Amino acid sequence: MKPATFEYHRPSSVSEATELLADLGHDAELLAGNQSLGIIMANRLATPDHLVDLDRVDELSGVSIGDDEVEVGAMTTHRDLEFADDLRDVLPMVPQAAEQIAGPSVRNRGTLGGSVAEADPAGNYPAALVALDADLHVVSEDDGERTVPAREFFIAYMFTDLGPDELVTGATVSREPFPVERTGMAFETLKRAAQTFPTVSAATAVRVDDPDAADPEIEEARVALANVADVPLHVPDAEAAVEGTTLDEDALDEAEAAANEAADPSPEMHADEEWKVELAGEYTRRSLQAAYKRAIND
Amino acid sequence: MIEFSGEFESEHEPEELWKYFTDPDILAQCAPGCDHIEQHSESELSATVAVGVGSVKPTFDVDMTVVEADAPNRLVMHAGGDASRNSFETVAEMDLLENEDGGTTATWNAETNVSGLIASLGQRALGSVAERLVNNFFDDLEELADEGVPAESKISAKPDATASLDE
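Residue numbers (my numbering), protein chains in the order written: chain A, 1 to 298; chain D, 1 to 167.
Keep in mind that the hints were calculated from the coordinates and are not lab data. Model, not experiment: these values are computed from the prediction. Treat the hints with care, as some may be off.
Where chain D lies over chain A, by a calculated footprint (3+ residues, C-beta under 8 angstroms) [stated by the list, open to error]:
1. 29-40
2. 157-165
3. 172-179
Each computed DSBU-like pair below joins lysine-lysine, with the alpha-carbon atoms no more than 35 angstroms apart [as the list claims (entries may be wrong)]:
4. D:K158 with D:K57
5. D:K57 with A:K191
6. D:K57 with D:K19
7. D:K158 with D:K19
8. D:K154 with D:K57
9. D:K57 with A:K2
Each residue gets a CB set at the ideal place from its N, CA and C atoms; glycine is no exception.
Construct the entire structure; sequences and hints are all you get.
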């Protein structure tokens, strides 16, 4: 099928875009890479009267790495994040999440902001940003700029705190809890076939006290899971289970159990509820092991 | 059929809250995605409501009939809505109980049939979104009551009306 008729707008600045949204509101959809909305429109599930394409809003794309925090613009593509080596050095979870999205053609066009605003609970960035305790920045013509913690932004299945006249401008992650030399991060994902949506993903980060010690102890851990609840799922109990430990089997068992407990997945054609609960625990375990290994090898 | 239910705590007493729940102007302000509510009789209302999940957001023309209005304790409504390639029908009940501290506990449940595209999202997705929308509605209504925005009860039950879903 082809999409229903719509009017196409292509602003070149954020203020132009928010002005359009203020005028059009509910009748408009933002296009931020066109890797999801186009399909939904072609199937006429969505029939917006107006499309506001952010592709030419250059001020929204790019990565800025500061001493204290990292800022990623909403229109930065998965491809750019995947190949951002300087970002990989300081915040590897974001490039790791980016490189595992679909295939190269999708990664060339899809953007961080598009994925965040779509808020599919299976999405890679939503889980990564929840794990990293990122702040999301949104802006509207009437209310100006607003910052929402990622952990509060995702409300329900494909449902966010974003108003009809607001757009996501980017995400900020504090570097302070995760100094490069003592930190490891991992984004472990299970796909039933290459380039498909993940069945379950786990985004983890750990900071150890001394990477050169015989048995480095985990000082701080972060765990978030994708596609095992109606939102990207932060699992504080799994973090607590491994903090203060050397990631021994007991700690891993406890983290796995915490993830099993927290998971509340919808069954899918290829993955029933019981299996996804099991995977939530298994992938928590694997990604913690991978992150810990990276933390002590660095 | 999908069943939704929930509970809401208010600091206002049932008599006070009742006025807000039965004032169409208040309902129009609080109902998510609602532009306006038109009142056709003491028991019949219609509204245009745009709600959705992600970019799938149909605009429904909704007709509502008040089936029970036992002030200030119990309100039952039957509602049906049509949108392009979507429709729904629901019977929603709400009971208001006065708490010991003078506040109110509102318990509600709704039996709903949905058809069309929205139905393909499945109960889990619809349930999580519906829960959020209903909570928003109660929060907004509580806020208006806190601010003392004037409200007037303007609806009553339709005589002999019964509420059940068409199968």
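Quick rundown of the hints versus the structure:
With a threshold of 8 angstroms between beta carbons, the proposed coverage of the segment 29-40 of chain A by chain D holds, since 3 of its residues qualify and at least three are required. With 3 residues having a beta carbon nearer than 8 angstroms to a beta carbon of chain D, the segment 157-165 of chain A meets the requirement of three or more and the stated coverage holds. Coverage of the segment 172-179 of chain A by chain D is violated in this model, with 0 residues showing a Cβ closer than 8 angstroms to a Cβ of that chain against a need of three. The straight-line distance between the Cα atoms of K158 (chain D) and K57 (chain D) is roughly 31 angstroms, inside the 35 angstroms bound, and the hint therefore holds.
Of the supplied pair hints, the one linking K57 (chain D) and K191 (chain A) holds, its CA atoms being roughly 29 angstroms apart against a limit of 35 angstroms. About 30 angstroms separates the Cα atoms of K57 (chain D) and K19 (chain D), which keeps this hinted pair within 35 angstroms; it holds. At roughly 18 angstroms between alpha-carbon atoms, K158 (chain D) and K19 (chain D) fall within 35 angstroms of each other, so this suggested pair holds. For the suggested pair K154 (chain D) and K57 (chain D), the alpha carbons sit about 30 angstroms apart, so the restraint of at most 35 angstroms is met.
Taking the CA atoms of K57 (chain D) and K2 (chain A), the gap is near 18 angstroms; set against the 35 angstroms cutoff, the hint holds.
Checked against the numbered hints above, the structure violates only hint 3.
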